[in-house]
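Here the protein sequences line up with chains A and B, keeping their order.
Note that the first sequence covers residues 147 to 424 in our numbering.
Note that the second sequence covers residues 165 to 930 in our numbering.
To be clear, the hints were calculated from the coordinates, so they are not data collected in a lab.
Below 16 Å or equal to it, Euclidean Cα-Cα: the simulated EDC-like pairs (lysine to aspartate or glutamate) are:
id: 1; chain 1: B; residue 1: Lys920; chain 2: A; residue 2: Glu403
id: 2; chain 1: A; residue 1: Lys329; chain 2: B; residue 2: Asp792
id: 3; chain 1: B; residue 1: Lys802; chain 2: B; residue 2: Glu596
id: 4; chain 1: A; residue 1: Lys331; chain 2: B; residue 2: Glu861
id: 5; chain 1: B; residue 1: Lys794; chain 2: A; residue 2: Glu406
id: 6; chain 1: A; residue 1: Lys334; chain 2: B; residue 2: Glu861
id: 7; chain 1: B; residue 1: Lys794; chain 2: A; residue 2: Asp415
id: 8; chain 1: A; residue 1: Lys331; chain 2: B; residue 2: Asp792
Note that the structure is predicted; figures quoted are calculated from it, not measured.
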Amino acid sequence: MIPFDFEYYKPASMMEAVDTFRLLNTQGKAPLYFNGGTEIITMARRSHIFTEAVIDIKGIPECNTLYIQNEKLVIGASVALTQLEESNIFPLLGRASRKVADHTVRNKLTVGGNICGRITFREAVLPFLLSDSKVVLAEQTGIRNVPINQVFNKTLNLEEGEFLVQLVTDVGYSQFPFMSIKKTKQEKSAYPLISIDSLKKDGQIRFAFSGVCPFPFRSSNIEQVLNDKTIPLELRINKALSILPAPINNNIEASAEYREFVLKNTLSDIILMLGGRN
Amino acid sequence: MFYIIGKSVFRKEALDKVTGAAKYTGDYNITGLLHASIVASPYAHAEIKQILTSEAWKVPGVYAIVTGKQCPILTGSPILDRPPIALDKVRYHGEPVALIVADSEQATRKAAALIKVDYIPLDVVNSPNDAIKSNAPLIHENLKDYKLLEEVYPEPGTNIANRTKIRKGDLKKGWAKSQITIESNISFPQSDHVAMETRCSIAQIKPDGEVIIYTSTQTPFTVKRLISLYFNIEPRKVTVKTPLVGGAFGGKTSVQLEILAYIASKSVGGRAVKMLNSREEDMITSPVHIGLDAKVKLGCTTEGKITVAEITHLFDSGAYSDRGAIISRAAAVDCSGPYTIDNLWCDSLCLYTNHPNAVAFRGFGHLELTFAIERAMDILADQLNMDPLELRLKNAIIPGNTTPTQTLLNSSNIGNLPACLKRLRELIHWDEGRRIPIGNNKVRAKGVSCIWKNSNTPINASGGAILTFNHDGSINLHTGAIEIGQGTKTVLAQILAERMKMDISKIHVHMEVDTRIDPEHWKTAASRTIYLVGNAVLEAAEDAMHQLKMTASRVLNISTQDLDVSESRVFWRQDPRVGLGFESVGSQVIGRGRFVMKGLTGLDPETGKGNPGPEWTVGAQAVEVELDLKEYTYKILKAVTVIDAGKVLNPEAAKGQITGGMNLGLSFSSREYFIFNDNGIIQNPQLRTYKILHFGENPEYIVDFVETPQMDAPYGSRGIGEHGVIGMPAALASALSAAVQVPLNFMPLLPEFIWKTKGGVRSDSI
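Can you make the complete structure from the sequences, with help from the hints?
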């Protein structure tokens, strides 16, 4: 049960959505864009989120696309994670989606919600970081089309009132070898100790991480080190760990020491599997 | 030949449950119902300086705000140590500090957020080992003044709520005879029951003073007795009603939410008030599963005969003793496990800590004591270089031996443990090897545990049954047994059908229990319902059949001795065609039956000598795991239980009960625990981060039975309700210890903790 009242709006177009947001914002209602609702509902129940109005973007046609056009995958922000799994339109993304929550929740949980939500793991973003995808963002002044690696830094950096409409990926990325690994404390359906997606393009392995640090990330420096076949694998991994963008998480899921242990093993497995051995 | 005993009959409530028609306490609604919620303490130990309620009162719909000062009574069983709403200080994270009654749950939650409490934090007692330190902060300064309802021995001036002593034989002699000795320490923190149905209570006080409580409980008659005692209400004026209960696992044997619901109703002039726990409240505000630190010292001969044991249990019972005091006694009573040990010393302590208070958890102290003794048995086997299953077989307790409380065993009051162990050995393919490397850094390993359990009921625990007849000759069976998902009501119908040799579909079982109508039953707990209520059903059947024969004898002019009963008819034995159906002779009949425990005694406070319960059910359990030696992650492949059920009354139901128990035990031991920070604050009071075993992660479950009848039980059946859970943690630890070749004496058995025990270094040898 949610202990506070809030208004609910369901706009039919992107412009209606941003206009609604602006209006509610000026009224001081701290509006939130609402997609699958799994996070807003569960956090509101525990008073970890407060709002006087939500704007459901699931009624916007552009948010529901799931197709290939002009060699591009166009994935709407409102597409549920189970849809991504089942469509198999981008196998890495399908596999990565399965790492989030459990099947029942993923029936509601959307790709846009996972990327823009407050829960910091945002595992659905990893394949998009790896594939140099673009994001389509809607705001008052119109639509922006930006490389995700430019606007995603720890979180998707949105302007006030702006929301994620689509993710656009070159279809070629769905053909590359990949691995998607999630390690948990014990239970399969749990927050990750570490979650790593990787993809091999032009002989180079790309890595994107969640759970390791307080935010998801892809780092070209780390990729460079891990792909450097002139140094032994173990050294490469140690070197990569020395340039992580933040200290390794130390929390109730696992200690930093154990995470590091698991991270080393997993990186080693991935590199061996994807043929990055010396 | 049995008529219906031994057949797998469907549950009476199955159709209601699978269609969603089944109703639970939370489904109950009446016009004018108000709602109540608590404000929970964010501190584990703190003085309450002041509580400001003025903002909360401004929320529309608020009817009452109650704080501890408005109901300064003490509750608890066996020790009256608990103010229902914290008074002057809070003793655990999650403890209620105020109660809000409003016309909607939403209003109560809104108001709760606006109540401002000023606390002065106090030093926290964060573990049982902290609790016994001589300089530990006292959690109950007034322990000496508390009233006691049962045999319990608190030690004022300390944090000891109860101490049970077992003194059997001669320790000196035992140690002198032993050639090999070991010592083992185990530890596990508190956890939760996680029943699917969170607790719910609705209380109402009628204008004439009658109190009606609807509640999800295993103990409606105890709720009645204690509400009457705490609030000084005549027992006849308290009625408790319990419909189906959505899982309990011991957690609903405590009287807690009912007290708050009563106070809430009283604060609004007796109007009906519903209190429904949120999952988070159910996990930490309501009682939890007890934690334990224990030390076991064993001595044995070089042949592996145990000569002596010294056992210390330090139970983490939390801020209020509740049933933890009795759990610690139960763990002392059976502390040796099912092994014959002539020289035995045990001190089992129930300790106050600044953690949530503990209540029964399936097994009632036995899962806990078993983990302690069984880990020691494995270590002893290693020391002896003896097969751990052989060591257990060699020391298995049998008729002619005595228990820790010096009860002499015979073939009725104990089952056949050697037979269980032998069957287990086959089912788990023990002889193919305990640890088998399978390549790829992986190893398969097996572990075993023996189990036994008696109950620790009051010595006069009882059950009752009433039979009434419908016009079509079908029978209504009324008992005080609660259906908590265990299928007891169906098995009671089977017992009745067997005795009356009639079609079970013509027996209607009333699922709801109403303390005003149904005959008193102690509690639906301790795996004793079939024994207590089943025996009462048998007596009620005799009583009904006697009456049926009396009536038929007058009509048929045939002596009652020449009449028999079956297939819903009373007939002339010499010519079964001559007879009368129940539809014609049943309408005036009311069958009555009761059963009370016999021969039980209290325990001698100095030696523990006494007879705690009617019988010890025994069994043997095993687990097989596949472990990755690189990362210490593992899969549980197989779990096996062989149990001496006395007589299996309903095979599928019995397997289901045992399997459910195994699942609970594996879930608990592999992942469930409360994470306390240094200030005693629970870090994972929600299912996002408190994990339970999910369907699909379960192993293959194998259950088999041995049948050694208990003479005074219905058709010889022994209690098996809890037993599946008891040895699973120890068997899992045993298997994992074998896999990593280091004793793992803790729970939960998480890969990280196994890695740490291995020294945090990579293992490169198999």
